[in-house]
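Residue numbers (the numbering used here), protein chains in the order written: chain R, 25 to 378; chain H, 25 to 378; chain S, 21 to 256; chain C, 3 to 228; chain B, 3 to 228.
These are calculated hints, taken from the structure and not from any lab test.
One should not assume that every hint holds.
[Said to hold, decoys possible] With a cut-off of at most 25 Å between alpha-carbon atoms, the simulated SDA-like pairs for lysine to any residue come out as follows:
| no. | chain 1 | residue 1 | chain 2 | residue 2 |
| --- | --- | --- | --- | --- |
| 1 | S | K144 | S | T43 |
| 2 | C | K17 | B | I51 |
| 3 | H | K151 | C | R122 |
| 4 | R | K151 | B | I51 |
| 5 | R | K151 | C | G120 |
| 6 | H | K365 | R | N313 |
| 7 | H | K294 | H | S279 |
| 8 | S | K168 | B | G85 |
| 9 | S | K201 | C | G120 |
| 10 | H | K151 | B | Q121 |
| 11 | R | K272 | H | V358 |
| 12 | H | K33 | R | L113 |
| 13 | H | K151 | R | I32 |
| 14 | S | K167 | S | E154 |
| 15 | S | K120 | S | E205 |
| 16 | S | K144 | B | Q6 |
| 17 | S | K75 | C | G177 |
| 18 | S | K198 | C | L193 |
| 19 | H | K33 | C | R39 |
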Amino acid sequence: MIEAKFKIKRDDFSLHADLCIPAHDVTAIFGPSGCGKTTLLRSIAGLDQHRQGYLKFRDSNWQDSDNFVPPHHRPLGYVFQEASLFAHLNVRDNLNYGFKRTPQSAQTIKLEQAVELLGLEHLLTRKPTNLSGGERQRVAIARALAVSPQLLLMDEPLTALDQTSKQEILAYLESLHNQLDIPIIYVSHSADEVARLADHLVLLEEGRVKASGSIGEMLTRLDLPLAQGNDAEALIEATVVEHDEEYKLTYMEFSGGRFTVAHKNLSIGKTARLRVLARDVSITLEHQNDTSILNIFPAIVEEINEDGISQVTVKLLVGGVPMLSRVTRKSASVLGLKPGKQVYAQAKSVALLA
Amino acid sequence: MIEAKFKIKRDDFSLHADLCIPAHDVTAIFGPSGCGKTTLLRSIAGLDQHRQGYLKFRDSNWQDSDNFVPPHHRPLGYVFQEASLFAHLNVRDNLNYGFKRTPQSAQTIKLEQAVELLGLEHLLTRKPTNLSGGERQRVAIARALAVSPQLLLMDEPLTALDQTSKQEILAYLESLHNQLDIPIIYVSHSADEVARLADHLVLLEEGRVKASGSIGEMLTRLDLPLAQGNDAEALIEATVVEHDEEYKLTYMEFSGGRFTVAHKNLSIGKTARLRVLARDVSITLEHQNDTSILNIFPAIVEEINEDGISQVTVKLLVGGVPMLSRVTRKSASVLGLKPGKQVYAQAKSVALLA
Amino acid sequence: CFILPANSIAAEILVAVASNFKTAMTSVARRFELNSDHKVTLIFGSTGKHYAQIKNGAPYDLFFAADVYRPKLLEEQSAAITDSRFTYALGKIVLWSPRKNVIEQDAKLLEREAFRYLSIANPKLAPYGRAAKEVLLNLKLWNGLAKKIVRGENIGQTFQFVKSGNAELGFVAYSQIKNPKQEIEGSYWLIPESLYTPIEQQAVMIKDTTAAGEFIKFVKSKAALKIIRDYGYDTP
Amino acid sequence: MFSQPDLIALAITLKLAFITTVILLLLGTPFAWWLSRTRWRYKFILEAIVALPLVLPPTVLGFYLLIMLGPNGPVGGLMDAIGGRPLAFTFTGLVIGSVIYSMPFVVQPLQNAFTSIGQRPLEVAATLRASPLDRFFTVTIPLARQGFLTAAVLGFAHTLGEFGVVLMIGGNIPGETQVVSIAIYDHVESLEYVQAHWLSGGLLLLSFLMLIAVYALNRRFRPIQL
Amino acid sequence: MFSQPDLIALAITLKLAFITTVILLLLGTPFAWWLSRTRWRYKFILEAIVALPLVLPPTVLGFYLLIMLGPNGPVGGLMDAIGGRPLAFTFTGLVIGSVIYSMPFVVQPLQNAFTSIGQRPLEVAATLRASPLDRFFTVTIPLARQGFLTAAVLGFAHTLGEFGVVLMIGGNIPGETQVVSIAIYDHVESLEYVQAHWLSGGLLLLSFLMLIAVYALNRRFRPIQL
Ligand SMILES: Nc1ncnc2c1ncn2[C@@H]1O[C@H](COP(=O)(O)OP(=O)(O)OP(=O)(O)O)[C@@H](O)[C@H]1O
Ligand SMILES: Nc1ncnc2c1ncn2[C@@H]1O[C@H](COP(=O)(O)OP(=O)(O)OP(=O)(O)O)[C@@H](O)[C@H]1O
Ligand SMILES: [Mg+2]
Ligand SMILES: [Mg+2]
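Only chain R is shown next, with the shape it has when bound in the complex (with noise of 0.2 Å):
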C-alpha cells in the first residue's frame, strides 16, 4: 500500500490528500487543470518539504511528524511536467546521470533497453536546446527509468508525443510494470492513457479526492463523471480461450460471453483488460445477424443516466460484468429501455489491452 495525507495551503488553493493505493498498481491520477495533480506528486517525491504530511510507501515510512526521507533517499522516479533536462549535459549525460548514481546490484531496468525504445540512439550526443520538445519529453523519460524506480512517478509524460510513439511507449511501461512490479503513478489527462495503463483511479477535484477505487469500478460509475460524456468507457478483464490463425484474431471468454479481439500474442488461459468504449456500443432488442459486429451480448439494463441533452448512458450487465453504452435519448425511448429489460448489446470495437 502507499499511504499519503499531505496538507497544503496556498494562497488559493488547498490539497488536503488522504490517499491509499494498492502498492503494485499503476494509479491515475485524473483531475482538471489545476486541481493539485502536481502538488500531490511532489508531495510523494518530498519535493516540498515542510509540509503537513504521512507518507508510507510499503513498509518505509517516507514522511510523518518527525521523520523525512529527502528525495534523494527516496527510491523513485520522476517525469516532471516540464522535460527539465540538465542544460549543461548532452542527452547521454543527462541519461546517465541517475544511472552513474544507482547502484548496480538495484539496477533492474536495462538503460539501452529503454534508450532503444524510446528512440533516443540518434540523439545521444546532442545538447537539450537542440531537440524538439517530443524528443525531450522522451529523454526525460528514460531518465527516470534509468535509476530503476521501486516507484515512477510521470507527471503527463506523453503529452509532447505522437500516436505511434505513445503506443509503443506506454507498451514499454506495462511490461516495465508487469516484469518487476514497479508501481507507477500517471498524471494524465487522456482517457486513453488512463484506460491502457491504470489499475486504479484517483479522482482529484479542487485539491481534495473526489473518488478512488479500481479502474474498472471508477469508469463504470454513472454519478462519476468519467462514466458521462463521449469518453466513458468499460474496462472488461477476460481470459483467452482460442486463437484464430486465419483471420488472426482471439477468443476472450468472460461471465458474460465471449470476445473476439484483434489477435495477441498472449497465452491460453491469461487474463487481460479489454476496454469497451460506451459510444461503440450499440443496443438492440434481437440478436442480428449478417453484420460486421462479432461482439454481440445478451445483457441487462442496470441504470439509466440522462446525462446528455440528446444522449443517455445505458449501464448494462453482461453477465453481471458492467458494460455501458451511450445511445441517443431517442433510441432508447424508441427501443424502450428500462432498468430490467433483456436486450442485446453490441461492441462495435473492442481494444485489447495487454
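Chain R is already provided as a structure; the job is to place chains H, S, C and B with the ligands on it using the hints.
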C-alpha cells in the same frame, strides 16, 4: 493563400518545406515527433532569420531573397510549444504585453472574453511560477490572442489541458476563426483536435511535406497513415434540415442520406461537418431494425486496405461521399466484402463538429 | 575684505605640498591667509606623484617637495621658474617607539636586534628612508637587519607601522612626533646629524604670480620659520 | 567632527560616483548586450580587454591616463586642437578615469545576466509586436534586474572607494577633484586619525544605508525563479 | 628590461593572486549559495555588508586592517593569545587583506548565477539520487559556470592590481610581500618611467594572455541557452 518555401539545414536534420495553404482555413500540421513542425512554425513567424526562404501571406511578402519582414511586424499570434510566459510579469501583464502594442483599430479580439473563456479571471495577479502547467498554457493562448492576430500559429497548445477545457477552447477558437476569418496553423498530435478544427491538413515527415490537402480528402486516402490504424475517420459535410425538439436531435442531409445527430443550435440550411470514425462504422448486408443505431446508409465498397493483421479498413462510398469502416478481417471475409459490393453502413456515433 | 594692498588683487594659489609637511604647512598657510587677501589651497601628496602631475600640466603655482631632486629636475626641464628653488625645511629623523622606556639614547637596541620589525621609509622613494638607510649603514647594521626591515611607501606609512604596534620601532620624522600642542608620545632617540646627511626639503615656483611670490616671501619670514621649527624641522 | 573640506569632498565623491555609475550603465549595457549576443569568433579578445584595467595598480593606471590626458598626450593634444580644456585635473577627467577603471564591474555582471535570459522571452516579445528596442526595455532589462543591481552596486561602491586613479589624474584639488577617499587618506597620512575615523565611519554608514535601501527595495520584488 | 627584484615581485604577485582567488572561491561559493537560497528576512543587511569593503579607499582599509592585525588589535591579540605569529608584513597577511578586499567581486556574480539557476534542476537531480552536495557539484556549479568565470576573473585581476591594502599591511619586503603593483608604483614614484613602462606592459601582456586563454577556453563550451 499562404505560400511558404523554406530550406533549413541542421547537423542531422533538414527541412525542405514547400507549402501552399488556403489563407482562410485552419491548417493542421501533423507528423511524428522531430519531423520539423516547430521549425516550420518558427520560420513562418520569422524567428529563425538567416535562412533561405520565401513566404507570402495573402498579399504581403514576408520573406524572399531580398526582403525580410521582422517578426514584430508580422500580424501573427504564436502559441509556443512551451508556455514561455514572461517570468517578470504577472498574468495580467503577460496578457497586456501584446494587447497594449496592438493599435485599437486593429483590435478584433476582446481580451476580457478570451480571459473568461480560458478561465483566467482568478489568476490575473499571479506570477507565472505560481501557475499549474495547464494554467500556464491557457495564459499563453490568451496572450497570443490578445494581439488580435491575422494569422494564428499554435504549437500543440492544448496538451496540458483536460478534455472539458480542451473542448471549450476548441469551440472558442473555432468561433474566432469563423467570425474573424483568422487562419490558424495548428500543430497537434491529437486526431481529435485536428478533426474538430482543421480544414486543411499538411503531413510532414522528416522535414518534407508528404502530403497536403483538404481534410476530408486527406483523411480517407488509404495510402496515407491517417486512414490506417485505429483513429481513421471521415469528415462529411452535411446540411441541417430539421430539428427534433423532443429528443433533442438534429437531422442533417448529405448526398448519401440523412444523419441523426445530437442537437446543435444551428439554423436550418446551414452546413456543418460531421465526424465519422472508421471504427464506429459497422457494415451489414441487410438494413437492420430494432437497433439503437440511427444512422444507416446504403453504400458501395470502393476499396479495401489490409493494413492490420486482424483488421481491415474499408473505404465506402455513401452517395459518392467517402466513409471509412474498420472491421475485422474475419467479418470482411464472412460478409464477402469486395470492391463494388452493395452494403449498409451503420454509423454508431457521429459527432457534429460545430 | 575692506582694503586691498595697491599692488595685489585677491587671488587663489594652489600649492602642492609633500605629505610629510602637511601639518606644518597647514599652520603656515593659515597664518599667511590671516595677513593677506590671498587664498591658499594646499594639495598634499607624494613628491613623485606631484612631479608627474606638474609635468603633465597640473595647475599648481608652487611645489613644496620632500627632497631636492624633484624640484631641481623640474627646474632643469624648464617646468619651473628658474632660480626660484629654495630650501624651506630640514627634516630630522628619530628612532621611535610609541611605548615608554623602550628607546635608549644610542644604537644598542638596534645592535641587540631585540625586536621583530624595524620600520623605515622606502629609501628609494622617501628622503627619510634614504636617511634611515644611511644611519644604519653608518652603524654597520644595514645588512644584519635586512630581514627585519619593513618599508613604508612614505614616511606617513612608516609611522603607522610603528604606531599600530605591528613594528616595534621605526625611523620616523621628528616632525611626526613633535607637535607644538602636545607632548611627545612614547620614547625616541633623536639621531645625531653626524649619522646622515640632512634631509633638505626644497620648494620651487611653477607659475610666477604675485600671490605665489608673496607666499614664498612669507614662508621665508621669521614667523613662518618659527612655525616650521615648532613642528620638528630645522630651518636653513 | 566633519570639517568643511571633508563635507565638500563627500559631496564631490557622491556626485562622482553617481555620474560614473550612470555613465557606466549607459555604456556598459549596450556593450554587455552585444557581448552576450554576438557570435563573433574573436569576442573573447574583447572580453579579456575589458578586464585589463583591473590588472594595473590604480595609481599606475592613473599615471598612464594622466600622460594620455595631459597636454602632451594624445587625448590632451586632441582636446587642445579642438580648443577644449585639458581633462587632467578636472572633474570630467575624474569621471573618465573612474569609468575606465570600474568598467569590468559593470560589463561582466550585465553580460552574465543577459546571457542567462536566453532567446525565448525575446522571441515571444517579438511575436507580441515588440520592436527590438521595446523588447530590450520591457523584457531584457527587467529580467536582468539582478545583474543591473550588482553592476550598479559594484560600480558605485568601487567609485566611492576609488583612489589611485583619482589621485593621479585629479590632483586632489579641494572643491574640484578632492574626493572623500583622498581626504581620508590625507588624514591618515598626516596622522589625523580622529578625523580619519570619523570620515571613514561616516562614509561606511552612508554607504551601508544606501546599500541597505537598494537591497531592501530589491527584496520587495521577489526574485524571479526559473 | 626586468630586474631581478621585479621578477621576484611578479612571482609573488601571481602566487598571491592565485591563492587569493582560490580562497575567495572557496569562501565565496558557500556564502553566495546561502545568500541565493535563504529566505531570511534580513539577508539584505548581509548583502550590503559584503559590498562595504569596496567603499573605503584601499589604503584606508589597509590602515584599519593594520590596526586590527597589530598586537593591540583584536586579530593580533588573538594571534598572540594562541601563540601565533603576527600577521602584518607576512604573505599570509597579504592574502587576508586581498581576500577581504576582493570578496564582493566574487560573492555577487556567484550569487546572481546561483539565483538564476532556479530550483528545478536541483529538484530533478534529487529525484535522480544526488545528495545535496553531489547536486551542488554536478548541477549548480556547471550551470553557474559563467558566474564562476566572472568571479574568478574579477577576483584574480583585482588582486593583481591590488595595491593599497597590500602596501599598508605588506611592508614591501622584497621576496615576501613586495608585489608587482608596488614595484611599478615605486618605479613611477622614483621617476624610473622606463622600468615602470616595461613592468606595466609585461603585467598587462601576461594578464591579457591569461584572460584570453580563460575566455577562449570558455568559448569552447558553448554558452548554455535557456
Ligand atoms: N536548435 C536545434 N539545433 C539542432 N537541431 C535541432 C534544434 N532544434 C530542433 N532540432 C532538430 O530538428 C528536428 C526538428 O525539430 P522540431 O522541433 O521542428 O520538431 P517537431 O516536429 O516540432 O517535434 P515535436 O513534435 O517533438 O515537437 C528534430 O530532429 C530536432 O532534433
Ligand atoms: N508555486 C505556487 N504558488 C502558488 N500557487 C501555486 C503554485 N503552484 C501551483 N499553484 C496553484 O495550485 C493549484 C494546483 O497546482 P498543480 O500544479 O498541482 O495543478 P495540476 O493539477 O498539476 O494542474 P495542471 O493539470 O494544469 O498541471 C493551482 O491552482 C495552481 O494555480
Ligand atoms: Mg500539473
Ligand atoms: Mg515541436
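Handout entry: Restraint status (C-alpha distance of K144/S to Q6/B at most 25 Å)
Key = Holds - the C-alpha atoms of Q6/B and K144/S are around 16 Å apart, at most 25 Å.
Problem - Proposed proximity, R39/C with K33/H (alpha carbon, max 25 Å) - result: holds (22 Å)
Problem - Pairwise hint evaluation, R122/C against K151/H, where the allowed Cα distance is 25 Å at most - result: With Cα atoms ~18 Å apart, K151/H and R122/C stay inside 25 Å; holds.
Handout entry: Straight-line alpha-carbon gap K272/R to V358/H, limit 25 Å
Key = holds (14 Å)
Exercise for the section: Mind checking the alpha carbons of K167/S and E154/S for me, to see if they're no more than 25 Å apart? Expected result: holds (17 Å)
Practice task
Decide if the proposed pair is consistent with the structure: K168/S and G85/B, CA atoms, cutoff 25 Å inclusive.
Solution key: Within the cut-off at roughly 20 Å; holds.
Problem - Hinted pair K151/H and Q121/B, Cα distance within 25 Å - result: Distance of about 16 Å is within 25 Å: holds.
Handout entry: Restraint check for K144/S with T43/S, where alpha carbons must lie at most 25 Å apart
Key = Holds, because 24 Å separates the two Cα atoms, which is no more than 25 Å.
Practice task
For the pair we were handed, K201/S and G120/C, check the Cα-Cα distance against 25 Å.
Solution key: violated (67 Å)
Exercise for the section: For the pair we were handed, K365/H and N313/R, check the Cα-Cα distance against 25 Å. Expected result: holds (18 Å)
Problem - Satisfaction of hint between G120/C and K151/R, Cα-Cα up to 25 Å - result: Distance ~15 Å between K151/R and G120/C Cα, so the pair holds.
Problem - Given hint L113/R paired with K33/H - CA-CA distance at most 25 Å - result: holds (24 Å)
The structure is inconsistent with the numbered hints 4 and 9, although it conforms to all the rest.
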